[in-house]
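Undergrad: So the chains spell out like this:
Number of protein chains: 2
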Amino acid sequence: MSDALDSLRRELAQISDLATAARVLEWDQLVMMPAGGAPARAENLAGLHRLAHELFVRDEIGALLDDLAPLQADLDPESDDACLIEVTRRDWEKATRVPAALTADLSKLSSEGMEAWARAREEDDYESFRPWLDRTLELKLRYIDCFPATGEPYDVLLDDFERGMRTHEVRTVFDRLKPALRELLAAAPDDEAEPFLDGPYPREAQHELSLAVARAFGAQEMHFRLDPTVHPFCLSFATQDVRLTTRYAEDDLHGNSVFSTMHEVGHGLYEHGGDPALDRTPLATGCSSALHESQSRLWENVIGRSLPFWRWFYPRFQAGFPEALRDVPLERFHRAINRTQPSLIRVDADETTYGLHIILRFELEQELLSGSLTTADLPEAWNAKLEELLGIRPPSDRLGCLQDVHWAGGMFGYFPTYQLGNVLSVQIWERLQAELPDAYEQVERGEFEAIHEWLRERLYRHGRRFTPAETIERVADGPIDPEPYLRYLREKNASLAPA
Amino acid sequence: MSDALDSLRRELAQISDLATAARVLEWDQLVMMPAGGAPARAENLAGLHRLAHELFVRDEIGALLDDLAPLQADLDPESDDACLIEVTRRDWEKATRVPAALTADLSKLSSEGMEAWARAREEDDYESFRPWLDRTLELKLRYIDCFPATGEPYDVLLDDFERGMRTHEVRTVFDRLKPALRELLAAAPDDEAEPFLDGPYPREAQHELSLAVARAFGAQEMHFRLDPTVHPFCLSFATQDVRLTTRYAEDDLHGNSVFSTMHEVGHGLYEHGGDPALDRTPLATGCSSALHESQSRLWENVIGRSLPFWRWFYPRFQAGFPEALRDVPLERFHRAINRTQPSLIRVDADETTYGLHIILRFELEQELLSGSLTTADLPEAWNAKLEELLGIRPPSDRLGCLQDVHWAGGMFGYFPTYQLGNVLSVQIWERLQAELPDAYEQVERGEFEAIHEWLRERLYRHGRRFTPAETIERVADGPIDPEPYLRYLREKNASLAPA
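Just so you know, the protein sequences line up as chains A and B, in that order.
The first sequence begins at 1 in the working numbering and counts up one residue at a time.
The second sequence begins at 500 in the working numbering and counts up one residue at a time.
To be clear, the hints were calculated from the coordinates, so they are not data collected in a lab.
Just so we're clear, the structure is a prediction, and the values are computed from it rather than from any experiment.
Note that CB positions come from ideal geometry on N, CA and C, so glycine has one too.
Fair warning: there could be bad hints in the mix.
[Stated by the list, open to error] Cβ-Cβ distance ranges computed for the label pairs, FRET-style:
| no. | chain 1 | residue 1 | chain 2 | residue 2 | range |
| --- | --- | --- | --- | --- | --- |
| 1 | A | LYS178 | B | THR728 | 51 to 59 angstroms |
| 2 | B | ASP774 | A | ASP80 | 48 to 56 angstroms |
| 3 | B | PRO821 | A | SER396 | 50 to 58 angstroms |
| 4 | A | ARG10 | B | THR728 | 43 to 51 angstroms |
| 5 | B | ARG634 | A | ARG10 | 21 to 29 angstroms |
| 6 | B | GLY870 | A | MET222 | 22 to 30 angstroms |
[What the hints assert, rightly or not] Computed footprint of chain B on chain A, listed as stretches where at least three residues anywhere in the stretch have a Cβ under 8 angstroms from a Cβ of chain B:
| no. | stretch |
| --- | --- |
| 7 | 20-34 |
| 8 | 235-241 |
With the rest of the complex left out, here is chain A (with noise of 0.2 angstroms):
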């Protein structure tokens, strides 16, 4: 039994250095890498991708889990052993069930459907990107088609990311925010723009806090990097070994390199709080994209763009960048930075506007999906949608349907983890509050380690051990639910208002 048990941990060991491997070498592409190296890196990426799940497809696995079948009854099912025969299977099975043949279609879709999406994006041309939007949803269906039906074609992809989490559950959530997020929207002060959100930011200045904070909030220089890239993201190559990156915007206070490293702080000490015991397996991770993205977004606006916070940070802040911020006060930079406003893109919305523009996406790729929207409308769908939304329209497809890579990568169903990400970070932070009630007032001294330690203990350890509604229910005391997060915004934005 045991010996089953030694052969599967083996297994997965090797698997796993294998896709730690890849995601050194994904690091090294975005960050390091001389741009000639691209093309074999595509290559080797592709090779050591292909090889992980080959070795994880294989019967000898499947015949693993069936011999541990009667050990895992025995244990306890919150027991390591328990939770990673439970996951395996569970992975194996959903992996197993797509044909060869088109896992690689996808994969090899994948990566060119990002190039002529890179392309489309740059030249504002949706129509040379369609055929690959096209293929990629006949490709998804045929992914869909390889698990039982469960009436909404949506759940198989959205469990990719929330495993078990069904779309109901999100349609429930989105119901409720839609109307609410509209009238926040709707009663937000239409404020001038602040001449000092355009810098400048030097880039120097903006390096140096990043790292301050980020080393603040629990990210040591023995156990992070902080390097600068295009899109900033996140990787971890083990708890002790986790990357950030980050971009400096020199004329605009939104794109502060200090916003975008809270975020990825949050999500690298997330990776960096697993137990150092799943080390090596597939629990090593964080357990959901929404109980990630939780993270992210509880350091960067649930504590980064709170007031205490900066009532600590600003002084230091106002000095970095002297000439844009000298003369203003602390309130009116608060007030700037929490901003509500419509706004074309994604990722630049507030807090209240980017739930919209999620449901904006999961409206429409559930549409296409059903074949109630074809790709040939889908340009003037998004923009009548945004105008229902948000009452602004893209002046072109490039600040509109083709402003975000996920669907040319394939990643449908992805977007509503990024809102159930927002709302699950307020929930989390009412029970951290409710457990540490000075919790702002810490962060106000800038101490940071007790919420660290909190959310380490009761997110952070337990990696995938659990499934993200087991894991919500643990760290927020019940289920996924909007009202703290609609209670928040709220406040905030009251707490705004113009005295």
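Got chain A sorted already, so can you dock chain B onto it with the hints?
TA: Chain B in isolation, oriented as in the chain A frame:
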């Protein structure tokens, strides 16, 4: 038939992807990784190496090679396919002769031995390292026993770095060099140390000048990176993606990054110049350790310490370090960077004494393997031999037999390739000059394209297609020969004599 070749190529590409991934992880570890990542990285790397080895030594690979024997017999032996089958068969036969347990033991001992060595060197405590050295020798003898006897056990170890070369061939070269180098050393003038050797050489200027030389030699930004590290090295991940590393001594001209960069650029241009048709095969790298070193030394020494090179580069170099070099004329500078002088540390040795350091190691490692020297007597034997060859005695083991990592890492048989590389560098340069008679005039004009192209055409593009002996024949029109090197040293040393 062609199916078998396709299968073999596919298998080799997969193994090559793993080897490439391991190199990226190694580079990252030495250049980028936060210190905390070390334990996980060691496990990841061991996992990748183990998997690559297991995939290669499978019976299926042997069966494919058998199937391909008739095809190989029909092919032009210089064709890519014939070379691929031939080199793969030889690698496979070597790899499969060694039991998996011994391979694993050697690999584990290598990591542990290097750690034990680093501690022992730090504390100047040879005795603490001696058990590791004994164990390494024991496993190396078991490794040798896996192969047919050739009369000299050392042949087996040498073959790992110089395929097909025999120990007696090295001995013939070194027997010619030993007295000749000692004569050259005895004849060297006893210069006073120049005060400008001590700097200051600010790091920033070193970095800029190193990049400038690298670009001039042909290491373009599109395909090469240059980063700081502790012990400089070069790794390539593809012909189009080469990573150079260097270090910056601010108070020692000999440790100026420009020299180590020229050395690593030589290695890098060799890798970069490989025929892209060899990508993702075992032929896609330099032919042997000695040939690789011939290129680092050609660019670092034959070009990079020549008077023509400094006629071109000295004005820029001098301008970069005005405090140290403002009043130093070119000839005095050139004489200082070429001074012949006994020294304790191999990596700091000049072109004349370097070979004596290697001969010492070559002789001692044969005695250790034959048992005529015990590890207990190694420090004294080292010190006595250094005194015999160079007339100086190390005051400590740290500056004596503990200075190099090679034996700790199990790399017995590697040292001679350094000096063979020096010998070959001049032999190749003589051939190059026969066909490009104005080569040094081009160097003096800062023109390196024709030199680079000649080397690419005659050496770099062949990768591992041919044996070292065949490759040397192609690039140098004859077997390895120490006379050009001795001629070069005699002429250079004479030209440096005070007027």
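Undergrad: If a hint holds in the structure, say so; if it doesn't, say that too.
TA: Here is how each hint holds up against the structure:
A:LYS178 and B:THR728 have their C-beta atoms about 54 angstroms apart, which keeps the hinted 51 to 59 angstroms range intact. Take B:ASP774 and A:ASP80: their Cβ atoms lie about 50 angstroms apart, and the range 48 to 56 angstroms holds. Distance hint check: the CB atoms of B:PRO821 and A:SER396 are about 54 angstroms apart, consistent with the given range 50 to 58 angstroms. Distance hint check for A:ARG10 and B:THR728: the Cβ-Cβ separation is about 33 angstroms, which falls outside the suggested range of 43 to 51 angstroms.
B:ARG634 and A:ARG10 have their C-beta atoms about 26 angstroms apart, which keeps the hinted 21 to 29 angstroms range intact. Evaluation of the 22 to 30 angstroms hint for B:GLY870 and A:MET222 yields a failure: the beta carbon distance comes to about 45 angstroms. Closer than 8 angstroms: that is the beta-carbon criterion, and the stretch 20-34 of chain A has 9 residues meeting it against chain B, so the requirement of 3 holds. Judged by the Cβ-Cβ criterion of 8 angstroms, the stretch 235-241 of chain A is covered by chain B as claimed, because 5 of its residues qualify and three suffice.
Against the hints set out earlier in the document, violations occur for numbers 4 and 6.
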